[in-house]
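Q: Now for the letters of each chain:
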Amino acid sequence: MKKSSNHIDKDNVVVTIRDLYKSFGENHVLRGVDLDIYQGETLVVLGRSGTGKSVLIKIMAGLLKQDTGMMKVLGQEVDKLSVKELDALRLKIGFSFQHSALYDSMTVGENLAFPLQRHNKTLSAAEVNKAVQQVLEAVGLAKAIHQLPAELSGGQRKRIGIARTLIMQPAIMLYDEPTAGLDPITSMDINNLINKVQEQYHTTSVVITHDLTCAKVVGDRIAILLEGQFAHIGAFETVVENTTDPQVQSFYDYNFID
Amino acid sequence: MRVKSKKSGKQVFSRQLDAFFMDIYAIGQFTGRFFKEAFLPPYEWKEIIRQCYMVGYKSLALVSVTSFVTGIVFTKQSRPSLAEFGATSWLPSLVAIAIIRALAPLVTALIAAGKVGSNIGAELGSMRVTEQIEAMEVSAVNPFRYLVVTRVMATTFMLPLLMLYMALIAMMGAYLNVHQNEQTSLVSFFENAFEQISFLDIFSSTFKSLIFGFTIGIVGCYKGYYTTQGTQGVGKAANSAVVISMFLIFIEEIIIVQVVNWFRI
Ligand SMILES: Nc1ncnc2c1ncn2[C@@H]1O[C@H](COP(=O)(O)OP(=O)(O)OP(=O)(O)O)[C@@H](O)[C@H]1O
Ligand SMILES: [Mg+2]
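Taken in sequence, the protein lines are chains B and C.
Residues in the first sequence are numbered from 1 upward in steps of one, following my numbering.
Residues in the second sequence are numbered from 1001 upward in steps of one, following my numbering.
No lab work stands behind these hints, which were simulated from the structure alone.
Keep in mind the model is a prediction, meaning the values are calculated, not measured.
Warning: the hint list may mix true and false statements.
[What the hints assert, rightly or not] DSBU-like cross-link-like pairs, simulated, lysine-lysine; straight-line CA separation at most 35 Å:
no.	chain 1	residue 1	chain 2	residue 2
1	C	K1046	B	K92
2	C	K1236	C	K1046
3	B	K84	C	K1036
4	B	K58	B	K92
5	B	K92	B	K216
6	C	K1058	C	K1046
7	C	K1046	B	K84
8	C	K1036	B	K58
9	B	K143	C	K1036
10	B	K10	B	K58
11	C	K1236	B	K72
12	C	K1046	B	K143
13	B	K58	C	K1236
14	C	K1058	B	K80
15	B	K92	C	K1036
16	B	K143	C	K1058
17	B	K196	B	K84
18	B	K58	C	K1076
19	C	K1046	B	K121
20	B	K65	C	K1036
21	B	K121	C	K1058
22	B	K65	C	K1076
23	C	K1076	C	K1236
24	B	K130	C	K1236
[Stated by the list, open to error] To give an idea of the chain C side of the interface with chain B (calculated C-beta under 8 Å), a few residues:
no.	residue
25	T1130
26	E1131
27	Q1132
28	E1134
29	A1135
30	E1137
31	V1138
32	S1139
33	P1143
Beta carbons are placed, not taken as given, at the ideal position from N, Cα and C, and that holds for glycine.
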């Protein structure tokens, strides 16, 4: 199930994070985060609720601004970009939200066509339709095209959310808890989808999760966020399974009790 | 958020009142942003037209019924006092003045604040709390332009139309009542009614409606766009969108009436 790691290009750093700090008032969430993410890898971020995992990827996509430190994505410092440059960068980033964030008022097909039509004004209706069909097939939900998001299950919505980002063919995929709240079989479908996307579209991916199975199946490297910093970064076997850190150990134990 | 006097950090008035004035201030800033973004391309014509349709569709039934009833009731209630002076023949022009100068703009705005303003607040609010607005942002679509500018344009454009429609229907209601009692013909009723109506009246009512529509759009969008506290916040956003826009509409009404009266002399 676990894929091979020979697609990773270690000389090519896609995301560079240095000494990154972010607080909300007295709530000091990120306290000196350092990280390099390589071209083609899937990096899994593990950490307890409220440690700032979502905040970290929101800074990556320019949805939030750090207080100090550097966030460099595809060679550009995100917080220093103009609106235009940021938009250009965002087109290369796919963001799959924790709760899918599908547009309620649009059908699945319209949800997918929305970003595409807005950024490629010259595309004909037939071309848009074809692209929509293609990504829907990639996520295995071709039949849902005329349904409204409210009519879908949680797992289906997650997949549509992923499809909506795939349609722009991003270089970087950010998944915020792709398997949260899903049953083990549906979770496995999503894990396989993440791996398939990685192979098919050659993306660099960041996957935030609490789900250790997901971490093990999709992750080339695991980064563990503890108290506002990455305490451990490495292969699943070293930083999770054979960890000596008691905090990680308890996280690991609890994950397999319930 | 509450207003704090800078040194002591004490709240200035009661907590609610402070929050209210903070809101009014922030709405001012939001309006500034609207004018900065509204006139830059790309224009979202398709979405603006869709929103116009929604505004009309949402308020048409209620505006129709309310205006018809208002026309009848107002005429009926005014008749006795005019009859005392034997002046029931003035009824059409009295009613026309009341409806076109005052009732139509105000009632249309209050209905739209209740129906459309709350709907905008709830719609954008739920988009905010379910991260749909952020999703739009990361797909490099400017959500302010796509969601806010289109809705504000739609309410601003539609309110004058609804107001004129409302005035017409209310006059029909009035005519019905006058016709029953005084057997006036439709033509002489309207001739009589419009004797006292000047271009300034129609212009100022249209202008008022434009301002009211803009207010309803801006307040609804502001409340929805900055919704916090999850689903609970969505209800609050819808509710305070109505309260604040009604409050502002009354203030604007008072100011505009003053200004127009200077022109009348
Ligand atoms: N926009 C915001 N304003 C204020 N505080 C925020 C904001 N976004 C996040 N926070 C705070 O930052 C902290 C980290 O939030 P974040 O959503 O990143 O956690 P998380 O690690 O993703 O948790 P979970 O696994 O539950 O999703 C939380 O304490 C949260 O309250
Ligand atoms: Mg999160």
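Q: Please verify that hint: V1138 of chain C, Cβ, nearest Cβ of chain B, below 8 Å or not.
A: holds, 4 Å
Q: With the threshold set at 35 Å, check whether the alpha-carbon distance from K92 of chain B to K216 of chain B stays at or below it.
A: Distance of about 26 Å is within 35 Å: holds.
Q: Hey, does the E1134 of chain C contact hint survive, CB to chain B under 8 Å?
A: holds, 6 Å
Q: Given the hinted pair K1046 of chain C and K143 of chain B, is their alpha-carbon gap at most 35 Å?
A: holds, 27 Å
Q: Holds or violated: are the alpha carbons of K58 of chain B and K92 of chain B at most 35 Å from each other?
A: Holds, at roughly 14 Å.
Q: Does K65 of chain B pair with K1076 of chain C here, judged by a C-alpha cut-off of 35 Å?
A: Violated. K65 of chain B to K1076 of chain C sits at ~63 Å, over the 35 Å cutoff.
Q: Has the given pair, K143 of chain B with K1036 of chain C, been kept, meaning a C-alpha gap of at most 35 Å?
A: violated, 42 Å
Q: Given the hinted pair K196 of chain B and K84 of chain B, is their alpha-carbon gap at most 35 Å?
A: OK: K196 of chain B and K84 of chain B at ~31 Å, within 35 Å.
Q: Can you verify the interface hint for E1137 of chain C: is its Cβ closer than 8 Å to any Cβ in chain B?
A: holds, 6 Å
Q: Against the 35 Å threshold, does the CA-CA distance of K65 of chain B and K1036 of chain C hold or violate the hint?
A: Satisfied, since the Cα-Cα distance of roughly 22 Å is no more than 35 Å.
Q: Regarding the pair K143 of chain B and K1058 of chain C, is the alpha-carbon distance no greater than 35 Å?
A: At roughly 32 Å apart (the allowed maximum being 35 Å), K1058 of chain C and K143 of chain B satisfy the hint.
Q: K10 of chain B and K58 of chain B: Cα distance at most 35 Å?
A: Satisfied, since the Cα-Cα distance of roughly 24 Å is no more than 35 Å.
Hint compliance for this structure: hints 9, 11, 14, 18, 22, 23, 24 and 33 are broken, all remaining hints hold.
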